[in-house]
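Engineer: When you get a sec, could you build the whole thing from the sequences and use the hints?
Chain order of the listed sequences is Y and H. Start counting the first sequence at 259; every next residue gets the next number (the numbering used here). Start counting the second sequence at 7; every next residue gets the next number (the numbering used here).
The set of hints was computed from the structure by calculation and includes no laboratory data. Each hint should be verified, as a subset may be incorrect.
[Claimed, not checked] Straight-line alpha carbon distances no greater than 30 Å define the calculated DSSO-like cross-link-like pairs of lysine-lysine that follow:
(1) 351(Y) with 341(H)
(2) 351(Y) with 295(Y)
(3) 341(H) with 359(Y)
(4) 281(H) with 151(H)
(5) 97(H) with 440(Y)
(6) 440(Y) with 359(Y)
(7) 295(Y) with 341(H)
(8) 151(H) with 341(H)
(9) 295(Y) with 281(H)
[Claimed, not checked] If you want a taste of the chain Y side facing chain H, the calculated C-beta under 10 Å gives, among others:
(10) 289
(11) 313
(12) 328
(13) 357
(14) 407
Computed from a predicted model, the values in this text were never measured in an experiment. Think of the CB as a built atom: it goes at the ideal place given N, C-alpha and C, for glycine as much as any other residue.
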Amino acid sequence: MGFLRDILLGNRWLVRDMLDHCQDFATAATLPELVDKMNALQGDTAVELDLVRDAVDRYDATIARGPSLMNDEQLRRIAALRQYRGDRIRLCKFQPINDAKALPLIAVREFIISRKSLGGIRTDLQSRVLDALGQPIEGLYAVGEGAGFGGGGVHGLRALEGTFLGGCIMSGRIAAASINGKTLSDKTSSDTTPSQQRSSHKA
Amino acid sequence: MRLDRSDVLIIGGGIAGIATALDLLEGNTSVLLLDRDEDGAFGGLARESFGGMFFVDSPEQRRQGIRDSSDLAWQDWCNFAEFGPDDDWPKAWARAYVERCTRDVHGFVRGYGVSFLPVVNWVERGEFRPGNSVPRFHVAWGTGKGLADALITALRGHRNAGRLTIRCNTRVERLLMQAGRIDGVEGVDENDGTPFEARAEQVVVAAGGINGDLDRVRRNWHRDWGQPPAVLLNGSHRFADGRLHDATTAVGGVVTHLDKMWNYAAGVHHPRPRKPAHGLSLVPPRSALWLNWQGRRIGPQPLVSGFDTRRLVTDICAQERPYSWQLMNMRIALK
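Structural biologist: This is the structure in structure tokens:
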């Protein structure tokens, strides 16, 4: 998904690639033409021009009233997001949809996409697989997504994100430490522990 | 039938299996790593990931003046997780993760030359429940592929690499148990269809989740989401099919919470598909209007990404047709 990163950073070539080759993208100069293309893509007449026009007109009119009168939850969020510099660089400032200077219009049809399992094999804090009585099965460990990133579901219902790769590494390292007969905290291999990085950074 | 022996056998060469193998080699343990994919695809789903990693009180946060602590992260984690009364092990793991991730994961990958973009991203801020109180999403240079490449290079070049055997195109079917102890696996060499058996003192299952098998995803669909959508795209690994979950269950292991999944709302068909229903997950632009299947803006609370990913999925699944449209223009798309 390097392409996504590039879209965020504004990679013109990759947007072009999606527009030209992805079946879920439609572009047009006007809303009626766009809605026709959306319906052609879907193969029916489910998309109603009146609804789309209403949504766009209301949103654009709200933006046109100016920042002090932007009574729309999405615009309030955009204003808040832009307070953080990590988001500001990737976020348009109150961009209307129907804008002659920003054409063409683009519609993207989006489906639910399966990605990661939050549940999995129940493990203890040594990554050992547990049986129904809560006893470890000798000789068997589970790590990463197979173990629900540890314990059979470390995220519960929702993830704070960024915890997947990290959970793979931490649960794997914990299994290895257990097999090697030590605890992970015994290891002081890295010269990049946070405390050391801090002191070297100060220096 | 071929028979292999090693101290430890790892099933799955994704980032979890690779991290396990690296530390085992550090301990002079011999490792046989079996992976179902081709040699050129070694590294699993991480290779296609954004490469973001959650750390608490990291050097990058500190440089930005972000004050974070494991107590704050724990509070945020519990808000999002909504743990149940029987979730002792998930809770213990979550607590361990927020306390140890920076030392044991950040320190580890930095030691292999991975570094992070200087500005920490702020995702999953929470919507109806509080989420990340501060930015914690550290994006690795070179994304997930950069991370995977760094760890794979370290693995193949390890001073104990002579104690490591990596075997690809290998499908594990069963865990072997003798006198109450797991002591090996059996499966099929997919190069030529011949069965194999491998023995080890310890076996580590690192074979990924179930979300690469859309039938299994549908069977475990969460009740909050009603019926599974007719069109569901696959953004997981094609071999993350739950085969080892079944094998683990067969030897008495417990599998829990399979109805909890991290699916995304903005999937499109891959322009060059390499598997059935192959999808790409877009980062939904926040300046686009999010419309339902009819073209009506979803609301009254509009869908905006970066706050609660699961809520986006839930709201779209609640529509009469569970897909959506995002409407934007070229300027928004390019940003």
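Engineer: Each hint needs a verdict: does it hold in this structure or not?
Structural biologist: Against the structure, the hints:
no. : hint               : in the structure
1   : 351(Y) with 341(H) : holds, 10 Å
2   : 351(Y) with 295(Y) : holds, 28 Å
3   : 341(H) with 359(Y) : holds, 14 Å
4   : 281(H) with 151(H) : holds, 20 Å
5   : 97(H) with 440(Y)  : holds, 23 Å
6   : 440(Y) with 359(Y) : violated, 63 Å
7   : 295(Y) with 341(H) : holds, 24 Å
8   : 151(H) with 341(H) : holds, 23 Å
9   : 295(Y) with 281(H) : holds, 27 Å
10  : 289                : holds, 9 Å
11  : 313                : holds, 4 Å
12  : 328                : violated, 13 Å
13  : 357                : holds, 6 Å
14  : 407                : holds, 8 Å
Checked against the numbered hints listed earlier, the structure breaks hints 6 and 12; every other hint is satisfied.
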